[in-house]
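Please build the complex by placing chain B on the supplied structure of chain A, with the hints as guidance.
Line by line, the protein sequences are chains A and B.
Going by my numbering, the first sequence wraps up at 534, each residue one higher than the last.
Going by my numbering, the second sequence wraps up at 728, each residue one higher than the last.
Hints are supplied without guarantee of correctness; some may be wrong.
Claimed, not checked - Ranges between beta-carbon positions, derived for each pair:
| hint | chain 1 | residue 1 | chain 2 | residue 2 | range |
| --- | --- | --- | --- | --- | --- |
| 1 | B | Tyr644 | A | Ala254 | 41 to 51 Å |
| 2 | B | Arg596 | A | Arg190 | 48 to 58 Å |
| 3 | A | Tyr388 | B | Thr537 | 48 to 58 Å |
| 4 | A | Asp396 | B | Asp643 | 17 to 27 Å |
Unchecked claim - What the simulated footprint calls covered on chain A by chain B, stretch by stretch (three residues with Cβ under 8 Å from a Cβ of chain B suffice, anywhere in the stretch; the number is not a length):
| hint | stretch |
| --- | --- |
| 5 | 26-37 |
| 6 | 163-177 |
| 7 | 238-250 |
| 8 | 316-325 |
| 9 | 331-340 |
| 10 | 346-354 |
If you are wondering where the hints come from, they were derived from the structure by calculation, not from laboratory data.
Because the structure is a prediction, the values reported are computed rather than measured.
Quick reminder that beta carbons are idealized off the backbone N, C-alpha and C, glycines included.
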Amino acid sequence: MSKEILLGDEAVALGAVQAGLTAAYSYPGTPASEIMEYLLRINGRPEAFIASWSVNEKTAFEEALGTSYAGGRALTSMKHVGLNVAADPFMSAALTGANGGFIVVAADDPSMHSSQNEQDSRFYAQFALIPCFEPADHQEAYDMTRDAFDFSEKTGLPVMIRLTTRISHSRAGVETRPVRAKNPLKSGTRQGWTLLPHNARVLYRRVLDLQPELVRASEESPFNKLVLNPDDRSFGIIASGIAYNYVMENFQGADKRPSILKISTYPLPEKLIRRLFDHVDAVLVAEEGAPLIEQALKGMFGISGKKVIGRLSGALPRAGELTPEIVRPALGLSALDRRDCGEKLAGRPPQLCVGCPHTDTFKAMKKALEGHEGAAVFSDIGCYTLAYFPPHNAIDTCVCMGASVGMAKGAGEAGLFPAMAVIGDSTFGHSGMTALLSAATADANMVLTILDNCTVAMTGGQRSFATGERLLEIIPGLGVPKEHIRVITPLPKFHEANVRVYQEEIAHQGISVVVAVRECIEEAKRKNKAGGAP
Amino acid sequence: MNTIRRQDIILAGVGGQGILSIAFVIDNAALKEGLNVKQAEVHGMAQRGGAVQSHLRLSSDRIWSDLIPKGGADLILSVEPLEALRYLDFLKPQGRIVTSSNPFINITDYPDQESVLARIREIPGSVVVDAEKLAKEAGSSRAQNTVMLGAAARHLIVAEDSLKDYIRVLFEKRGEKILLANMKAFELGGRAAE
Numbered sequence: 001m002s003k004e005i006l007l008g009d010e011a012v013a014l015g016a017v018q019a020g021l022t023a024a025y026s027y028p029g030t031p032a033s034e035i036m037e038y039l040l041r042i043n044g045r046p047e048a049f050i051a052s053w054s055v056n057e058k059t060a061f062e063e064a065l066g067t068s069y070a071g072g073r074a075l076t077s078m079k080h081v082g083l084n085v086a087a088d089p090f091m092s093a094a095l096t097g098a099n100g101g102f103i104v105v106a107a108d109d110p111s112m113h114s115s116q117n118e119q120d121s122r123f124y125a126q127f128a129l130i131p132c133f134e135p136a137d138h139q140e141a142y143d144m145t146r147d148a149f150d151f152s153e154k155t156g157l158p159v160m161i162r163l164t165t166r167i168s169h170s171r172a173g174v175e176t177r178p179v180r181a182k183n184p185l186k187s188g189t190r191q192g193w194t195l196l197p198h199n200a201r202v203l204y205r206r207v208l209d210l211q212p213e214l215v216r217a218s219e220e221s222p223f224n225k226l227v228l229n230p231d232d233r234s235f236g237i238i239a240s241g242i243a244y245n246y247v248m249e250n251f252q253g254a255d256k257r258p259s260i261l262k263i264s265t266y267p268l269p270e271k272l273i274r275r276l277f278d279h280v281d282a283v284l285v286a287e288e289g290a291p292l293i294e295q296a297l298k299g300m301f302g303i304s305g306k307k308v309i310g311r312l313s314g315a316l317p318r319a320g321e322l323t324p325e326i327v328r329p330a331l332g333l334s335a336l337d338r339r340d341c342g343e344k345l346a347g348r349p350p351q352l353c354v355g356c357p358h359t360d361t362f363k364a365m366k367k368a369l370e371g372h373e374g375a376a377v378f379s380d381i382g383c384y385t386l387a388y389f390p391p392h393n394a395i396d397t398c399v400c401m402g403a404s405v406g407m408a409k410g411a412g413e414a415g416l417f418p419a420m421a422v423i424g425d426s427t428f429g430h431s432g433m434t435a436l437l438s439a440a441t442a443d444a445n446m447v448l449t450i451l452d453n454c455t456v457a458m459t460g461g462q463r464s465f466a467t468g469e470r471l472l473e474i475i476p477g478l479g480v481p482k483e484h485i486r487v488i489t490p491l492p493k494f495h496e497a498n499v500r501v502y503q504e505e506i507a508h509q510g511i512s513v514v515v516a517v518r519e520c521i522e523e524a525k526r527k528n529k530a531g532g533a534p
Numbered sequence: 535m536n537t538i539r540r541q542d543i544i545l546a547g548v549g550g551q552g553i554l555s556i557a558f559v560i561d562n563a564a565l566k567e568g569l570n571v572k573q574a575e576v577h578g579m580a581q582r583g584g585a586v587q588s589h590l591r592l593s594s595d596r597i598w599s600d601l602i603p604k605g606g607a608d609l610i611l612s613v614e615p616l617e618a619l620r621y622l623d624f625l626k627p628q629g630r631i632v633t634s635s636n637p638f639i640n641i642t643d644y645p646d647q648e649s650v651l652a653r654i655r656e657i658p659g660s661v662v663v664d665a666e667k668l669a670k671e672a673g674s675s676r677a678q679n680t681v682m683l684g685a686a687a688r689h690l691i692v693a694e695d696s697l698k699d700y701i702r703v704l705f706e707k708r709g710e711k712i713l714l715a716n717m718k719a720f721e722l723g724g725r726a727a728e
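This is chain A alone, in the form it adopts within the complex (with noise of 0.2 Å):
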């Protein structure tokens, strides 16, 4: 055994590949991002496992998912938005099942430090009546991984974990365990893999019939954990993932603790929840995200005689991360004494770099804007959100990855003039090109702009599909007229000029799409720094 400083997300990665992973795909979102970073960085010999990004969760999935038809094993990671788009095959993996073991690792960001909602993928995994392991701590985060290839290959199905960005992004050490040996291939049978309604029917009941046994297997896995206290019968903990961690830290030290009961895998361990509720009266329920185990506990109706609380009761607060001062009140403790932050202090929000292409791309579009009173400007995820904020208040929405183009569409549609997409090159690779197909075949009155600075930049540049001349290659591929496809130079020096291509694309009646080519200034800088070309 030897003992590492990892992060969460480092920790997972490497527990696989020592589980013997045959392949990992995934597509870069906060906090998932480290897992395939990790992998990409350890994989020194190109034998030793295949890791990718993928243009997009869903084929992240669905490569991941071959990977298991073949019999090896597969792990996907993304974050908790990113199982959005993998959602369609996700639904139906449970039904074909895992060959070799197949592992979705969901990174879910509660308090949306980097996203747009904070979703909990706990219910992903019930949806979908697959197992869901939801580690604790860094060890937990590495051994649970090496657990849900087996159990995966085991029950035949896919298994969840669940991460939040509080386990992804905090670094422990770990202490590891020799890697053992990939599994030989070995494909899946037709019946079990075609998912025709008559095939589907039968496999659907074998997700079924399974539940008792994950019911089970929570039940008896080392990772839940009742701890009675048989002096007091009044109070009970069930705690979660994370959380387990922040209800421990209020009791460090203490004389006495009351009972408490760690759950880390789901389906809920029914049998030590009922032990709990047996020894005590009232249950606190602290857990990371949704409160999924507190609605399951309480029904429409509660438990006669007993009190839950927790997210749902106002005991602790219905949406935002927990902290171990959040949940500190809720076990009847009084705060720390602590320092006053005495008056607001200004805030520090993220900003586009100084330089940044997307600045000189944004004030040449605002200014080809000017007079255009009901113009509307439809952005997506990425950097360039945050063109958002002052100085540049120069985008009107984000909603999900590729919305730009559909909603500048359906906008246009409706007689919003002009209407303006903003994309940028790798999220038009995500989900863009299809609502462009959409959008050049109805010739829409609409400008969209694709921002190829040639990288993933918010994510830490890693690999666009969508850039450079393939790009070029695809937008005229989806029907935009060749005299309609403007590529610019977003620099201060070509600014009047790119005003007039605004200037003129807007008064075109029908599609247009300005590309706007200039790499990320981070990027260029990080590669002047390894040596690379400038």
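Okay, now just chain B, sitting in the frame of chain A:
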């Protein structure tokens, strides 16, 4: 009863100022001394020039939470004065601040610099260091984070020599000149904080 060695540190700064490098050095020095380490950090959006912080926890005992509770930090170590104040409610009543005096002004409503420094000096035992000047003196204006690590060194529970070992590990690969500048920056920071 054997005593527990424990220290909770909030590292603060602006995205890009290198607080994760400070964290790397302290983490590894602590690990080498047999301490447990947990370190929560900020990735993603805030790294684009926003306020960033890292919760660094060292202990000879088990560390439960990845986050330091409000009121639990022994030290705020900041590369920027306004950012030092942002996490004041994490500080124990007897906790101290070690910060650079050099503002990073990328917002239009940055408060009066003197009043920011005055508020920091109200905290007993606080250390304010001109990191920009010392980093330049050491030969690299980018080494302000290392200056601040040096300034905080005497208040950390890990040995200075262990810190130096990992400054070496961190900067060795970036060439002799950068390594020497950072070793010097560490020393100058330490002296300035005397």
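Verification of the hints:
In this structure the hint that Tyr644 of chain B and Ala254 of chain A lie 41 to 51 Å apart at CB holds, the actual value being about 43 Å. Separated by about 52 Å at the C-beta atoms, Arg596 of chain B and Arg190 of chain A satisfy the suggested range of 48 to 58 Å. In this structure the supplied range 48 to 58 Å holds for Tyr388 of chain A paired with Thr537 of chain B, their Cβ-Cβ distance being about 51 Å. Checked against the given bound of 17 to 27 Å, the beta carbons of Asp396 of chain A and Asp643 of chain B, roughly 24 Å apart, stay inside it.
Counting residues of the stretch 26-37 of chain A whose CB lies closer than 8 Å to any CB of chain B gives 4, so the stated coverage by that chain holds, three being the minimum. Check on the stretch 163-177 of chain A: 7 of its residues sit with their Cβ under 8 Å from a Cβ of chain B, so the three-residue criterion for coverage holds. Only residues whose C-beta sits within less than 8 Å of a C-beta in chain B count toward coverage, and the stretch 238-250 of chain A has 6 of them, enough to reach three; the restraint holds. With 3 residues having a Cβ less than 8 Å from any Cβ of chain B, the stretch 316-325 of chain A passes the three-residue criterion, so the hint holds.
Residues of the stretch 331-340 of chain A with a Cβ under 8 Å from some Cβ of chain B number 6, which satisfies the need for three, so the listed coverage holds. Check on the stretch 346-354 of chain A: 8 of its residues sit with their Cβ under 8 Å from a Cβ of chain B, so the three-residue criterion for coverage holds.
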